[in-house]
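Whole structure, please, built from the sequences with the hints as guidance.
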Amino acid sequence: MQTITRRQVIKLLGIGGAGWFGGRLGTRDAWAQTRTRLSIATGGTGGVYYPLGGGMAALISKLLPGVEATAEVTTASVDNMKLLHAGKIALALTLPDTAWDAHEGKLKGLSEKVAVRSLIALYSNYMHIVALEGSGIRSVADLKGKRVSTGAPGSGPEVKGLRVLEAYGLTPKDFRSQDRLGVGESAGALKDRKLDAFIWDGGLPTAAVLDVAATPGIKIHLVPHGDAVPKMVAKYGPLYFGGVIPKGTYGGVEGDVSVAAATNLLVAHERMEEPLAYQITKALLEHTPDLVAVHKAAQEITLKSAVLGSPVPFHPGAARYYKEKGIRIPAG
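When we follow numbering that gives the first Met the number 0, the leftmost residue of the sequence shown carries the number 0, and every step to the right adds one.
Note that these hints are calculated values from the structure, not bench results.
Heads up, a few of these hints could be off.
Here are the simulated distance ranges between beta carbons [as the list claims (entries may be wrong)]:
| no. | residue 1 | residue 2 | range |
| --- | --- | --- | --- |
| 1 | Gly108 | Lys246 | 37 to 43 Å |
| 2 | Ser138 | Lys324 | 43 to 49 Å |
| 3 | Gly108 | Ala213 | 33 to 39 Å |
| 4 | Lys143 | Val72 | 29 to 35 Å |
Only pairs whose alpha carbons sit at most 30 Å apart, straight line, appear in this in silico DSSO-like list of lysine-lysine [as the list claims (entries may be wrong)]:
| no. | residue 1 | residue 2 |
| --- | --- | --- |
| 5 | Lys303 | Lys234 |
| 6 | Lys218 | Lys172 |
| 7 | Lys303 | Lys246 |
| 8 | Lys87 | Lys105 |
| 9 | Lys172 | Lys107 |
| 10 | Lys145 | Lys172 |
| 11 | Lys234 | Lys105 |
| 12 | Lys61 | Lys295 |
| 13 | Lys295 | Lys246 |
| 14 | Lys230 | Lys246 |
| 15 | Lys230 | Lys145 |
| 16 | Lys322 | Lys61 |
| 17 | Lys218 | Lys246 |
| 18 | Lys193 | Lys107 |
| 19 | Lys234 | Lys107 |
| 20 | Lys218 | Lys193 |
| 21 | Lys295 | Lys218 |
| 22 | Lys281 | Lys303 |
| 23 | Lys281 | Lys61 |
| 24 | Lys295 | Lys324 |
| 25 | Lys230 | Lys143 |
| 26 | Lys246 | Lys143 |
| 27 | Lys190 | Lys145 |
| 28 | Lys145 | Lys234 |
| 29 | Lys172 | Lys105 |
| 30 | Lys193 | Lys172 |
| 31 | Lys322 | Lys112 |
| 32 | Lys218 | Lys143 |
| 33 | Lys112 | Lys234 |
| 34 | Lys190 | Lys246 |
| 35 | Lys143 | Lys234 |
| 36 | Lys87 | Lys295 |
| 37 | Lys143 | Lys193 |
| 38 | Lys246 | Lys193 |
| 39 | Lys107 | Lys145 |
| 40 | Lys303 | Lys230 |
All C-beta atoms, glycine included, are put in the ideal place defined by N, C-alpha and C.
Okay, here's the thing in structure tokens:
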């Protein structure tokens with residue numbers, strides 16, 4: 000199997016900082032002299048986006064004078080891009096494939112291009128195909144004829160999950176039944192044995208999956224699918240790379256599991272004022288231990304990796320911070 004790493008993703012994307020930036024540049028006075036309220040679009044309460052977004056909001060509120068940030072529950076990436084485009088939120092957590100579709104005007108349910116700009120490449124999302132032990136599901140092909148939840152309608156996990164299935168020649172029509180539930184609802188349905196498996200894409204560990212794995216009388220199996228990555232990259236571009244969910248991440252998972260991974264992004268609209276984008280980037284990257292205390296997925300967030308894996312251009316405020324720190328936004 001061909002292995003595609005996160006660092007190779009940025010080389011294949013062939014993007015850089017110069018020449019991409021647009022939008023208005025504001026002054027620090029525009030936001031620091033008045034009380035500014037910022038909403039961060041995250042995800043469901045059972046995933047990683049919501050708690051991590053809450054940690055980000057707390058840091059921003061603490062460190063930026065005049066700014067009060069809050070984390071908002073959403074259905075995650077696709078919803079977040081639509082909210083960003085509508086001007087209803089200032090910051091969003093998203094998957095790179097969804098951000099790219101939005102940037103290119105290909106987001107389902109939204110024909111216009113979204114002027115999305117990266118601030119920080121965060122941590123890796125790992126595709127989980129969570130099956131009940133004893134369901135007969137050991138491989139992706141075994142999902143045929145089973146009861147499967149593919150994620151919330153139009154969500155990032157659903158988009159990526161359907162692309163994994165496609166790499167194996169499957170669609171939801173091959174299932175006995177398809178549910179489209181968020182991770183918390185999917186986990187509950189699996190525990191109640193109303194599902195045989197569910198698809199989820201998130202950081203490690205994901206609380207809802209931990210909960211299922213810790214339920215008495217239930218043992219889970221994570222379905223390996225890392226060999227889907229080359230086909231996904233061939234069709235959709237270098238948005239994905241091979242990852243591993245290490246053994247012991249969840250109770251009962253006794254071996255490493257090869258999966259499709261992607262880099263989560265913190266993004267803003269190009270209209271965000273340059274000094275504000277700079278200060279947000281600086282505050283979060285210089286206080287990562289505070290984020291790790293909220294969720295250990297944040298252990299992956301580093302200054303060097305913060306510019307790797309984004310298919311959309313960086314906001315000029317973020318780019319200025321990286322330049323000051325001697326970090327080059329990779330070019331093709």
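What hints, given by number in increasing order, does this structure fail?
Going through the list in order, the structure violates no hint and respects every one.
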